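With the hints as constraints, model all of the structure from the sequences given.
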Amino acid sequence: MENWYWMTLVVLIGLTVRWTVSLNPYSGAGKPPMFGDYEAQRHWQEITFNLPVKDWYFNSSDNNLQYWGLDYPPLTAYHSLLCAYVAEFINPDWVALHTSRGYESQAHKLFMRTTVLVADLFIYIPAVLLYCYSLKEISPKRKMAVALCILLYPGLILIDYGHFQYNSVSLGFALWGVLGVSYDWDLLGSLAFCLALNYKQMELYHSLPFFCFLLGKCFKKGLKGKGFVLLMKIACTVLASFLLCWLPFFTEREHALQVLRRLFPVDRGLFEDKVANIWCSVNVFLKIKEILPRHIQLAISFCLTFLSLLPACIKLTLQPSSKGFRFTLVSCALSFFLFSFQVHEKSILLVSLPVCLVLNEIPFMSTWFLLVSTFSMLPLLLKDELLMPSVVTVMAFLVVCVTSFPLCESTSEEQLQLTPFAVSVRRRLPGFTFLPRIIQYLFLSSVITMVLLTILSVTLNPPQKLPDLFSVLVCSVSCINFIFFLVYFNIVIVWDSKNGRNRKKIK
Amino acid sequence: MAAFTLAASGDHWFSALALGVTLLKCLLIPTYHSTDFEVHRNWLAITHSLPISQWYYEATSEWTLDYPPFFAWFEYALSHIAKYFDQEMLNIHNLNYFSSRTLLFQRFSVILTDALFFYAVHECCKCIDGKKTSKELTEKPKFILSVLLLWNFGLLIVDHIHFQYNGFLSGLMLLSIARLFQKRHMEGAFLFAVLLHFKHIYLYVAPAYGIYLLRSYCFTASKPDGTVRWDSFSFVRVISLGLIVFLVSALSLGPFIALNQMPQVFSRLFPFKRGLCHAYWAPNFWALYNALDKALSVIGLELKFLDPNQIPRASMTSGLVQQFQHTVLPSVSPLATLICTLIAILPSVFCLWFKPQGPRGFLRCLVLCALSSFMFGWHVHEKAILLAILPMSILSVEKAGDATIFLILTTTGHYSLFPLLFTAPELPIKILLMLLFTVYSISSLKTLFRKEKPLFNWMETVYLLGLGPLEVCCEFIFPLTSWKLKYPFIPLLLTSVYCAVGITYAWARLYVSVLTGCFVSKTKKQ
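Chains H and G, in that order, are what the protein sequence lines are.
Residue 1 is where the first sequence starts when you use the numbering used here, and the numbers rise one by one after that.
Residue 1 is where the second sequence starts when you use the numbering used here, and the numbers rise one by one after that.
What the hints contain is simulated information worked out from the structure, not anything from laboratory work.
Treat the hints loosely; a few may be bogus.
[Said to hold, decoys possible] Taking CB as the label site, the calculated pair distances span:
no.	chain 1	residue 1	chain 2	residue 2	range
1	G	424	H	299	34 to 40 Å
2	H	406	G	62	53 to 59 Å
3	H	138	G	77	46 to 52 Å
4	G	501	H	273	57 to 63 Å
5	H	458	G	137	55 to 61 Å
6	H	455	G	424	32 to 38 Å
7	G	424	H	388	17 to 23 Å
8	H	261	G	424	39 to 45 Å
9	G	424	H	136	41 to 47 Å
[What the hints assert, rightly or not] Computed far set for chain H versus chain G, every beta-carbon distance over 10 Å:
no.	residue
10	50
11	104
12	130
13	388
[Stated by the list, open to error] Below, computed lysine-lysine pairings styled on DSSO-like, alpha-carbon distance capped at 27 Å:
no.	chain 1	residue 1	chain 2	residue 2
14	H	141	G	126
15	H	136	G	135
16	H	141	G	446
17	G	183	G	140
18	G	451	H	141
19	G	140	H	141
20	H	141	G	142
In this text the structure is predicted, and so the values were computed from the model without any measurement.
Note that beta-carbon positions come from the ideal geometry of N, C-alpha and C, so glycine has one too.
Shown next, in the form of C-alpha cells:
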C-alpha cells in the first residue's frame with residue numbers, strides 16, 4: 001500500500017515536470033524556412049499519412065528528402081502514421097500534403113506535446129518504475145528515490161519536451177530490453193531491444209553489450225547443449241522481429257537498400273555542428289575533416305571505437321553478469337559517442353540511460369555524469385530558448401539526488417567501486433590512497449567550470465572573430481569530462497571480477 | 001562540498017521541500033495568467049507614478065486599487081525594483097501591457113515573497129507536539145505538515161498560475177498563529193494587525209483573534225471550572241494590545257485620514273455593489289440556495305405553478321450573470337448575508353470565550369470563522385477557501401477527526417478552484433498537481449493515523465471518489481456534447497453545487513466537533 005502511493009507520487013511529479021517543460025518553445029518555433037525537429041516530426045506525419053509505404057523513403061515530387069526527409073527506421077514511420085491518424089481526426093489541416101508545411105498553432109503544439117507524453121507514459125515510465133521496483137537489496141524508499149532521480153533526469157526531459165523528439169520511445173524499449181535480459185526473459189528482452197533498434201538506428205550504441213551478454217549467457221550454458229538452443233531461439237526472435245518491422249520494404253531489393261542509405265548517411269561527414277566528442281574537440285587544433293579523405297576518416301573512427309569498447313565487451317562475454325552488463329552498456333555507448341562517425345549532441349542520451357541504471361550503485365559518479373551530459377547540450381538548449389527550464393530542471397535534479405543519496409559521503413573507494421583497482425595499484429605504489437580526494441577535487445572543478453561557462457555563454461556575446469567560442473568551449477570541456485568517465489567506467493569493468501575473487505579470498 | 005554538507009545536516013529535508021516547490025514555481029512561469037496579473041501591474045503603475053493622494057482615486061484602468069494601504073505600499077516598494085526590469089510596465093496608460101520581462105518580474109516577485117511563507121511554515125512546524133512521532137522521517141507530523149503547507153495545491157495554482165500574492169499574506173497569518181502558539185501574543189497581534197492592512201479579507205477571522213486575545217491574554221487566570229475570573233483582568237495588557245493595533249492602523253490609514261479620503265478608501269475596499277455571488281459561484285451556502293431556486297423554478301414551470309412571462313430572462317438563460325435574480329426564493333441583500341455570517345460565527349466565538357482550550361481552541365475557532373464567512377459571505381471568491389484550508393492543515397496532523405474534516409475540505413475546496421484555470425495547456429497541470437496533493441494528503445494522513453479507525457466512512461469515500469467522474473464529465477465529455485453552446489454554464493453549476501455539499505458538510509462536522517468538545521468537557525467538570 002505504502003509503496004504504491006510513493007510510486008504514484010513519483011510518477012505524478014515526473015509527469016508534472018514534463019508537462020510544465022513542454023509549455024516552453026520547441027526547436028525552430030517560428031523560424032522558416034527549415035524550422036526544426038518539431039516540424040520534422042510533423043512532416044513525417046504528413047508524409048506517412050498521405051503517401052504509400054513504398055514512397056516514404058524515396059525522393060519524389062511529393063516527398064522532398066532535402067526537407068526533413070524520413071531518416072529513421074520503419075518503426076518511427078509507423079509511429080508517425082499512428083499520430084497522423086489522430087491528427088487527421090482532430091484537424092485535417094495538420095497533416096495535409098504540401099499545404100501543411102511549417103504549420104504552427106497553439107492547438108497543434110498541444111497535440112504534439114501530448115503525443116510525446118502519451119508515448120512516454122506507456123513505454124518509458126513503466127519501464128523505469130519496473131526497473132527500480134526490481135532492484136535488489138535496497139529499501140522501498142531508496143527504490144522510489146532512484147525512480148524519482150531517473151524520471152527527473154533533465155537531459156531527456158529537455159530534449160523530448162522542450163526541443164521535441166521521441167527519445168523516450170527508443171530509450172524506453174531499450175530499457176525494457178535491459179529488464180528482460182537481466183531477469184532471464186531473454187527472448188522478450190531481445191524483442192524489446194529489436195523494437196528500440198527499429199525505432200532509432202542510434203540504438204546500435206547499445207547493441208554490442210546486448211549481443212555479448214546474450215552470447216556470454218549461451219556460452220555459460222554450454223554451446224553444445226542448452227546454450228545452443230537458447231542462441232537459436234534468440235536469433236530467431238531477432239530475425240522475426242526485424243522481418244516484421246521491415247515487411248513492407250522487402251518487396252524490392254532496391255527499396256530496403258534505400259532505407260538503409262537513409263539511415264546511415266555516410267557522406268554527411270565525420271561530425272556536424274558542435275558535438276562533445278573527440279572529433280569535434282580535436283578539430284579545434286587539427287582540421288581532420290579537410291586533411292583526411294572521407295574513407296580514412298571512416299576507418300579511423302571505426303578502429304578507435306572498436307578498440308575502445310573491446311575490453312569491456314570481451315569481459316562481458318567471458319563473465320556475463322547483470323551488473324557488468326549495465327556497466328558495459330555505459331562504456332560502449334560512451335565509446336560510440338566519443339569516437340564514432342556522425343554523432344549528434346543528443347546521442348549523449350543513449351549514454352545517460354545506462355548511467356541512470358547504475359545510479360544506485362555509484363550515485364556520486366552517475367549524478368556527476370548526468371549533470372555533465374545535460375551541460376554538453378547547452379548550445380542546443382540555448383538555441384531553443386530553453387535556458388530557464390534547463391536551469392530549473394537541473395537544479396531540481398540535483399536537489400533530488402542530494403536528498404536521496406548522501407552524495408558527499410559516497411566518495412570512498414568502496415562506494416566508487418574502485419577498491420580492487422586501488423588495491424592492485426597499491427601493490428606497486430603503496431602511497432596510493434588519495435584517489436577519493438582527487439575525484440572530489442575533479443568533481444568540484446568540473447562543476448565550477450560548467451557553472452562559469454553557462455554564465456559566460458548566457459551573458460556575454462562571443463567575440464566577432466570567434467562566433468562559436470562558447471559552444472566549442474562547452475563541447476571541449478564536456479568531451480574532457482566524458483573521456484575521464486570512459487576511463488573510469490572501463491577501470492570499474494575490468495577490475496570488477498578480481499573484486500569478486502578478492503572477496504572470496506578474504507572470506 | 002560546503003553546500004552539500006549543509007544540505008545533509010539537520011533540517012535538510014525542509015530546505016529540500018522548499019527548494020523543490022520553488023523550482024516547480026519557476027517551471028510554472030510560462031503558464032496562463034489571469035486578469036489579476038494586469039490588476040497587479042496596474043497597481044504597480046499607480047503607486048509608482050502617482051502621489052499618495054491619487055492612489056484611491058485613480059480610475060484609468062477598470063482594475064482600481066481595492067486593497068488596504070499596506071498592500072499599496074508593498075506594490076510601491078516592488079515598483080522600485082520593477083523599473084530595472086521594464087520601465088514601460090509602470091505607465092498607467094499602458095493598459096494590458098505585457099512583455100517577457102514584466103512576466104519574469106511579476107512571477108519572481110511572487111516566488112521570492114513566498115520566503116516569508118516558508119519561514120512561517122517552519123515556525124508552525126515547531127508548534128506541533130511531537131510526542132508520538134515515529135522514527136521514519138516521512139511519517140513525522142512535522143514533515144507531513146510542511147508538505148501540506150509548502151506544496152499546497154491551492155496556493156500553487158492561485159499564486160503561481162492564476163497570479164496573486166496569497167503566499168506571503170498566508171505566511172503572515174501562519175506566522176501570527178505560530179506566535180500565539182509560542183505565547184508571544186503581542187507579536188502575534190502585531191502581525192495580524194499588519195496583515196489586516198495588507199488584505200482586508202482577513203477581517204473574517206478577526207473575531208477569533210479578538211476574543212482569544214481578550215480571553216486568554218488579557219484575563220490572566222481562570223476559575224477551576226474554566227470560567228473567566230473577572231478580577232484577573234490586566235489593564236496593561238489590554239492597553240498594550242490596543243496601542244499596537246492603533247499604531248499599525250495609524251501608520252496605514254493615517255495619511256488618508258489626513259487627506260480626508262477615508263470614505264473613498266472605504267468605498268474602494270468594500271464594493272457592495274457587486275452581486276451576491278461571483279461570476280462563478282463559490283461553493284457555499286448561496287450556491288446551494290441559487291441552485292435550489294433554479295430547480296424550483298424549473299419544476300414550477302413544468303407543473304404550471306409559475307407564469308413563464310414573469311420570470312426574469314437572465315436567470316433562465318445563464319447562471320453567469322453578476323446579478324442573479326431569484327425567481328421562487330426571496331432575494332438576498334448584503335445585510336442578510338452579514339447577519340447570517342454573524343449568526344454562523346457566534347457559537348464558535350462563544351465557545352472560545354466560555355471554554356478556552358488554549359491556542360488549539362483558538363485555531364479551531366479561526367477556521368470556523370473563515371469557513372462560516374465563506375459559507376454565508378457576500379460576493380465570496382472561491383479562492384477564499386484557502387483562508388480556511390491553510391490553518392486547518394495544522395490541526396489535521398494532530399487529531400484523526402480533524403484529519404478527516406481537513407481532507408474533505410481541502411479536496412473539495414481545491415477541486416472548486418479548477419474553473420480558475422480553463423485553458424487547455426493548463427488542464428494537465430491542474431489535474432496532475434491536484435492528484436499529487438490529494439494522493440499525498442490522504443495517504444500520509446492515513447499512515448499517520450493508521451492505528452485509529454478509518455478516516456472516511458463509505459459515504460464520504462463515495463463523495464470524494466465522485467469528484468473524478470465529475471471532472472471527466474465537465475471537462476472531457478461535456479465539451480463534446482451539443483449542450484456546450486446551449487447551456488455553457490452547466491459544468492460550472494455542477495462543480496459549484498457538488499463542492500458546496502462537501503464544504504458545507506466539512507463546516508458542519510467541524511462545528512459539531514467544536515461544540516461537543518465545548519459542552520462535553522463542561523458537563524464532565526460539573
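Outcome of the hint check:
Checked against the given bound of 34 to 40 Å, the beta carbons of residue 424(G) and residue 299(H), roughly 53 Å apart, lie outside it. Separation of residue 406(H) from residue 62(G) is about 55 Å and conforms to the stated range, judged on CB atoms against 53 to 59 Å. For residue 138(H) paired with residue 77(G), a C-beta distance near 50 Å keeps the hint of 46 to 52 Å intact. Range check, residue 501(G) to residue 273(H): about 59 Å between beta-carbon atoms, so the 57 to 63 Å window is met.
In this structure the hint that residue 458(H) and residue 137(G) lie 55 to 61 Å apart at CB is violated, the actual value being about 37 Å. The given range of 32 to 38 Å is respected by residue 455(H) and residue 424(G), whose C-beta atoms sit roughly 36 Å from each other. Here the CB-CB span from residue 424(G) to residue 388(H) is close to 22 Å, well matched to the stated 17 to 23 Å. Between residue 261(H) and residue 424(G) the beta carbons are some 41 Å apart, a value that agrees with the proposed interval 39 to 45 Å.
A hinted range of 41 to 47 Å holds for the C-beta pair residue 424(G) and residue 136(H), which are about 43 Å apart. Listed as outside the interface, residue 50(H) is consistent with that label: its C-beta sits roughly 27 Å from the nearest C-beta of chain G, beyond the 10 Å cut-off. For residue 104(H), the condition that its CB be more than 10 Å from all CB atoms of chain G holds, with the nearest at approximately 15 Å. At roughly 20 Å, the least C-beta separation between residue 130(H) and chain G is larger than 10 Å, which holds for a residue marked as non-interface.
The claim that residue 388(H) lies off the interface is violated: its Cβ sits roughly 7 Å from the closest Cβ of chain G, which falls inside the 10 Å cut-off. Annotation: proposed proximity of residue 141(H) to residue 126(G) holds, straight-line Cα distance about 25 Å (limit 27 Å). About 24 Å separates the Cα atoms of residue 136(H) and residue 135(G), which keeps this hinted pair within 27 Å; it holds. With a C-alpha separation of about 18 Å, the suggested pairing of residue 141(H) with residue 446(G) holds against the 27 Å cut-off.
Note on residue 183(G) and residue 140(G): the hinted pairing holds, with a Cα-Cα distance of about 24 Å set against a maximum of 27 Å. Between residue 451(G) and residue 141(H) the CA atoms are separated by roughly 22 Å; this keeps the pair inside 27 Å, and the hint holds. Simply put, residue 140(G) and residue 141(H) have alpha-carbon atoms about 15 Å apart, close enough for the 27 Å limit, and the pair holds. Straight-line distance between C-alpha atoms of residue 141(H) and residue 142(G) comes to about 19 Å, which keeps the hinted pair within the 27 Å bound.
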